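Using the sequences provided together with the hints, build the complete structure.
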Amino acid sequence: MTNCGISSPFDPILLNLHFLSVIRLDDNNLSTIVPEFLANFTKLTTLSLSNCNLRGEFPNKIFQVPTLQELHLYGNEKLTGTLPDFSQNGSLRELVLGRTNFTGSLPDSIANLTTLTEIDLSSCNFFGPISSKMENLRDLVYLDFSFNSFTGSIPLFRKAKKLNYIDLSYNNLTGIKGNIPIVPTSLIYLSIANNKLTGSIPSSICNLYQHQFLDMSNNSINNKLPPCLFQMFDHLSVLNLGRNRLSGIILDTFLSNCSLKTLDLSNNNLEGKVPRSLQRCAFLEVLDIGNNKIRDTFPCMLKTLPSLHILVLRSNKFYGDLQCHIANQTWSTLQIIDIASNNFRGALLPHYFSSLEGMMKSRNPEPRLHYLEVEFTNYGLYYRNRVTLTLKGQEMEIENILEVFTSIDFSCNNFEGEIPEVLGDLKLLYLLNLSHNALTGRIPKALGKLTQLGSFDLSVNQLSGRIPDELASLTFLAFLNLSFNQLSGRIPRGNQLQTFSAESFEGNTGLCDFPLKKLCSNTKMNGSSQPRSHSDDETVDGKYISFALGSSLCFGIVTWLLLHSTRYNELVDRLLFRIFGEHKKAGRNRNRRRSR
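Our numbering applies: residue 1 is where the sequence shown begins, and numbers increase by one.
It is possible that part of the hints are untrue.
[Stated by the list, open to error] Below, in silico cross-link-like pairs of lysine-lysine (DSS-like), each with a Cα-Cα straight-line distance of 25 Å or less:
#1 Lys133 <-> Lys161
#2 Lys445 <-> Lys427
#3 Lys224 <-> Lys317
#4 Lys303 <-> Lys273
#5 Lys293 <-> Lys273
#6 Lys303 <-> Lys427
#7 Lys61 <-> Lys78
#8 Lys392 <-> Lys445
#9 Lys196 <-> Lys293
#10 Lys449 <-> Lys427
[Stated by the list, open to error] Okay, the calculated beta carbon distance ranges per label pair:
#11 Glu421 <-> Thr330: 14 to 22 Å
#12 Ser501 <-> Lys162: 56 to 64 Å
#13 Ser87 <-> Ser132: 15 to 23 Å
#14 Pro515 <-> Thr253: 51 to 59 Å
#15 Gly272 <-> Ser204: 21 to 29 Å
#16 Arg138 <-> Asn269: 23 to 31 Å
#17 Ser501 <-> His351: 49 to 57 Å
#18 Gln231 <-> Gln329: 27 to 35 Å
Worth flagging that the hints you see were computed from the coordinates, not collected in a lab. Note that the structure is predicted; figures quoted are calculated from it, not measured. Ideal Cβ positions, reconstructed from N, Cα and C, are used throughout, including at glycine.
Put into structure tokens, the structure is as follows:
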């Protein structure tokens, strides 16, 4: 009876069906409490009530049903409860309580569940240590304790020879005696991100010959990368060691059969150069080595990677121009390129941007609203890539990256010369930041064709001339900064530009008109439009303010949802389908966990 649209509470008739062995009511809006009489079903082997909007406290007696093998309560966020004392071994094989409001500590008696193969306590309110006695669970295959408040050490799980999935991310774990624990060689997926782990990465990690996903980001892991780690890339799909304290260099030993899709080493203390052998990783989609101490020229060999979506080199010591003498190579899939805060120099040549085919609407007319993710097929789960970008002038971490989200950030370098007109062909571009350079000339009128642009920053350059009237047509624009240039003339009047604060235009002594206090004269200035009265100068039509507030609010909602939990993915999809003019949903709805 899974997903049958049932919305009434448990019918009292169930009271007389004590002979039932399987009850599956997943994905129905039951909106009720779980009746205690289910504990009297002496033949019950499966109770599956995931995503049923259950509320109240779950009866502890049901845990004690001696025949119960599968208990699935996933996604009932109003359901409360605690784990009982598992004094008897029982026959429970699958315990799935993820995304409920269960709380309390983990009892040592959980080790009595010797038949347990799957346990999911993710996104609950559990706290305290993870019992070391869990090491006795020999049949364990899947363990997810993410997004709780567990503390202390991580059990070794050495006896669980079949264990292939561990997610302990977003807790307060410290490892074992300050070191990262040794894990089973059968492991395929390991995430211990966002904890308080210290010490170095043990070379024993390289014994994971089946490993596909390894995420140790956002900890305090230090020392150097184990050399053997680079020999794992023939089977490793995701390696995320970002936001730690790692030092040393990235070895130039990537294998010819490299299977990497995501490599994130950002926010460490790595030095040296970008390994040229990275071009062997033909499946690479995300490369983030931002915020390190890497000193190198632009890694042109990456243009040969056919699947690269995200390239982040920001806040390093890169230098030189962006010239790449590779014939007929384009960035056909690149959607985010961030080379901010380096020492790149030279002119912004047109072919730097004409090669970004993935950002051109004319060559990609129907972008699909899918998240950039790596599939973990065994459990129907997905690893969501994330990246730190500068949005609205502030650094923000985006955890859910849509394939239609596009960004170019060349800020805080030494680029000079004019802004190429060809930028106007990148009609899917959402974020453009060329601030803090030495750019000269006029703002190209062609930028008015970037109708999806939501964030636009050209501040602290040497741009001159008028602000093109065409920019007034950027109705989705929610952040604008043209400050500290040499712009002059009247600020164009339109749906958007006059709704930004004076800070967006300050430092341009030749600019006038609202929102600046300096009013333009009643004669034409530098080819500006017809003269207006002072009352016009000091007033903005209410409909313009309303429209701009609407699109700014839309931008804010999209940004907030991108930065927060995957629980809002479907809402993001619907909203962005409307923004980008799509009329049907592309692709399947991907929940973090599927009902069983």
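Going through the hints against the structure:
no.: 1; hint: Lys133 <-> Lys161; verdict: holds (16 Å)
no.: 2; hint: Lys445 <-> Lys427; verdict: holds (14 Å)
no.: 3; hint: Lys224 <-> Lys317; verdict: holds (20 Å)
no.: 4; hint: Lys303 <-> Lys273; verdict: holds (17 Å)
no.: 5; hint: Lys293 <-> Lys273; verdict: holds (9 Å)
no.: 6; hint: Lys303 <-> Lys427; verdict: holds (21 Å)
no.: 7; hint: Lys61 <-> Lys78; verdict: holds (19 Å)
no.: 8; hint: Lys392 <-> Lys445; verdict: holds (22 Å)
no.: 9; hint: Lys196 <-> Lys293; verdict: holds (24 Å)
no.: 10; hint: Lys449 <-> Lys427; verdict: holds (7 Å)
no.: 11; hint: Glu421 <-> Thr330: 14 to 22 Å; verdict: holds (18 Å)
no.: 12; hint: Ser501 <-> Lys162: 56 to 64 Å; verdict: holds (60 Å)
no.: 13; hint: Ser87 <-> Ser132: 15 to 23 Å; verdict: holds (19 Å)
no.: 14; hint: Pro515 <-> Thr253: 51 to 59 Å; verdict: holds (56 Å)
no.: 15; hint: Gly272 <-> Ser204: 21 to 29 Å; verdict: holds (25 Å)
no.: 16; hint: Arg138 <-> Asn269: 23 to 31 Å; verdict: violated (41 Å)
no.: 17; hint: Ser501 <-> His351: 49 to 57 Å; verdict: violated (36 Å)
no.: 18; hint: Gln231 <-> Gln329: 27 to 35 Å; verdict: holds (29 Å)
The structure fails to meet hints 16, 17 from the earlier list, while all remaining hints are met.
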